[in-house]
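Participant: Listed below, chain by chain, are the residues.
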Amino acid sequence: MVEFMKRALELASEALSAQEVPVGCVFVINSEIIAESRNSVNATHNPTRHAEINCIDQVIDYCKTNNIDYSMYFKNITVYVTVEPCIMCASALSNLNIKEVVYGCANDRFGGKTVLDISNFYECNYNLIGNLMATEAMALLKQFYKGANPNAPESKAKKEKV
Amino acid sequence: MSETIEPPFKKAKMAETIDDFIQQIMLSKKNLQAVVSDEFIKPGAFTKVYVGQVKNVKELSKIITILNEKIPLKELQHLKRARKKEVLLCPVQSLNSITQESIQEYVEEKVYELKDSFEYFKIMGLPSLPPKLKKQHTEYSRVWSCNFHPNEYLEKLCGNDFFLEPELMKHRCYMAIAFEVARYYLSERNSNLQLSDILLRDINATVVVDPSIDSIVAISFDNRENHPVQHSAMLAIDNVAKTQNGGAWNTSTCSEDSPLPGIDNNLVLYLKNKFANVKFGARNYVTKEVLDENRMNASDSPYLCTGYYIYMIREPCIMCSMGLVHARANRVFFCLYNNRQGALISKTKLHCVPSLNHHFEVFTEFL
Numbered sequence: 001m002v003e004f005m006k007r008a009l010e011l012a013s014e015a016l017s018a019q020e021v022p023v024g025c026v027f028v029i030n031s032e033i034i035a036e037s038r039n040s041v042n043a044t045h046n047p048t049r050h051a052e053i054n055c056i057d058q059v060i061d062y063c064k065t066n067n068i069d070y071s072m073y074f075k076n077i078t079v080y081v082t083v084e085p086c087i088m089c090a091s092a093l094s095n096l097n098i099k100e101v102v103y104g105c106a107n108d109r110f111g112g113k114t115v116l117d118i119s120n121f122y123e124c125n126y127n128l129i130g131n132l133m134a135t136e137a138m139a140l141l142k143q144f145y146k147g148a149n150p151n152a153p154e155s156k157a158k159k160e161k162v
Numbered sequence: 001m002s003e004t005i006e007p008p009f010k011k012a013k014m015a016e017t018i019d020d021f022i023q024q025i026m027l028s029k030k031n032l033q034a035v036v037s038d039e040f041i042k043p044g045a046f047t048k049v050y051v052g053q054v055k056n057v058k059e060l061s062k063i064i065t066i067l068n069e070k071i072p073l074k075e076l077q078h079l080k081r082a083r084k085k086e087v088l089l090c091p092v093q094s095l096n097s098i099t100q101e102s103i104q105e106y107v108e109e110k111v112y113e114l115k116d117s118f119e120y121f122k123i124m125g126l127p128s129l130p131p132k133l134k135k136q137h138t139e140y141s142r143v144w145s146c147n148f149h150p151n152e153y154l155e156k157l158c159g160n161d162f163f164l165e166p167e168l169m170k171h172r173c174y175m176a177i178a179f180e181v182a183r184y185y186l187s188e189r190n191s192n193l194q195l196s197d198i199l200l201r202d203i204n205a206t207v208v209v210d211p212s213i214d215s216i217v218a219i220s221f222d223n224r225e226n227h228p229v230q231h232s233a234m235l236a237i238d239n240v241a242k243t244q245n246g247g248a249w250n251t252s253t254c255s256e257d258s259p260l261p262g263i264d265n266n267l268v269l270y271l272k273n274k275f276a277n278v279k280f281g282a283r284n285y286v287t288k289e290v291l292d293e294n295r296m297n298a299s300d301s302p303y304l305c306t307g308y309y310i311y312m313i314r315e316p317c318i319m320c321s322m323g324l325v326h327a328r329a330n331r332v333f334f335c336l337y338n339n340r341q342g343a344l345i346s347k348t349k350l351h352c353v354p355s356l357n358h359h360f361e362v363f364t365e366f367l
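Sequence lines, in order, name chains S and L.
Quick note on numbering: UniProt numbering labels position 18 of the first sequence as 18, and the sequence is numbered without any gaps.
Quick note on numbering: UniProt numbering labels position 84 of the second sequence as 84, and the sequence is numbered without any gaps.
Any given hint could be a false lead.
As the list claims (entries may be wrong) - List of simulated lysine-lysine pairs, DSBU-like, C-alpha gap at most 30 Å:
1) L/K288 / S/K146
2) L/K347 / S/K113
3) S/K113 / L/K349
4) L/K347 / S/K99
Stated by the list, open to error - Selected chain S positions facing chain L (in silico; Cβ < 10 Å):
5) S31
6) A43
7) I60
8) M88
9) S94
10) F110
11) T114
12) I118
Read the hints as simulated data drawn from the structure, not as lab findings.
A virtual CB, placed ideally from N, CA and C, is assigned to each residue, including glycine.
Isolated chain S (complex conformation) (with noise of 0.2 Å):
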């Protein structure tokens, strides 16, 4: 579990050094990973282009490509994933019937079970562990809100004190 967990982590200090918000993802299947990816938030201009949905479109080019039932494939996946998935990815997750769910630090702002908890909405629901290398995930998300979101518009307020 841990070598993932290390895998997403180097995923989301890429997407740090990238100045996306530092997520990282790996999906496995049976000890072997399928699809990894990060943030590609601010890259795309597309706020939903987080490090699961990239992953997600990784298996299905995958099973596209070679005439795989992605229905199927998903089932056996588990996502390690440094922060805790949002409500939308959290969604997007359970519609697709996966396994299981491995993440770091939990995510207060967005979480699909913090913020709110999505599994009361899906008759079937993933397996879900947190705290996985928690404090590793925090500190890249913090090292990031330090400086500011470099592609959000800046705010009136900021702009008057300089």
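Chain L: place on chain S using the hints.
Facilitator: This is chain L only, laid out in the frame that chain S set:
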């Protein structure tokens, strides 16, 4: 007894063809309804409190001053301290339940000087939260006097006449266009398309509008059959990104010359033909560097879906609704309820979750 026989109650005639249905959406004068937080529509919660009947009315103001100092109301600040001869003392749960403390003992302990001021005590259920609407204030006032600061915008939002007719007709027109989009794509696959194919299938179509220039910025139609994340709202967000030098999903199969990225140019021509007065295209995107260089304001360039209105034929699911929160949409309009997965009224009201960092307004009741 009257001899005239009333005709049986006539149900509003439900359209049978797609054309009738879209006409009805577009031309009906019925106002839309905001989907607001339950705290404005459901009966409020009540907290059990102790109230004391004051022996001597002349001492009332003195008693209130002492109580405010010694037993402040804290989370019940919205309640007035007294009503006639009755004075609000404290929530029932303030008393020590282990020692089975009585309210007389509590008063003696906290405000010894008032130990003989009350004729008797009683327990009352009073509103736990301040009234937000005039209607709630009137209702609460029957029980106890409350402090109340009316909010005119909120009153209007919760009322039945929020949009003036010219604006209402714009919203109805964009919603009609969303249905035209669904009709266009579905009829490509099914030459004998029926209204029920649009109303009952688990599909969605989205029209994104920039109200500041009254123009359609992006359009999308569901692709969940091929890609489980490509619900129409998610595609719409990506198509908006494409108007801002971004985008993640490859839609290069669509014609390059379309004024709207990610969709078929033939659809735009079809819509232009049908809705002659509707404009297409986004405001010019300006990069942050250029904004800074020219000392322009952030509002001089579009940013995600900030300020945009989103029109969807069906209530978006949880994933899509949260995507629209991330995208900072300004208002979401939907027509049909999504009982199984809808996140704006059916299963939950995502836009009313207080801890989220962005909240859009939601409107429905087109039918």
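Participant: So which hints don't hold here, by number, going up?
Facilitator: Hint 5 alone not satisfied by this model.
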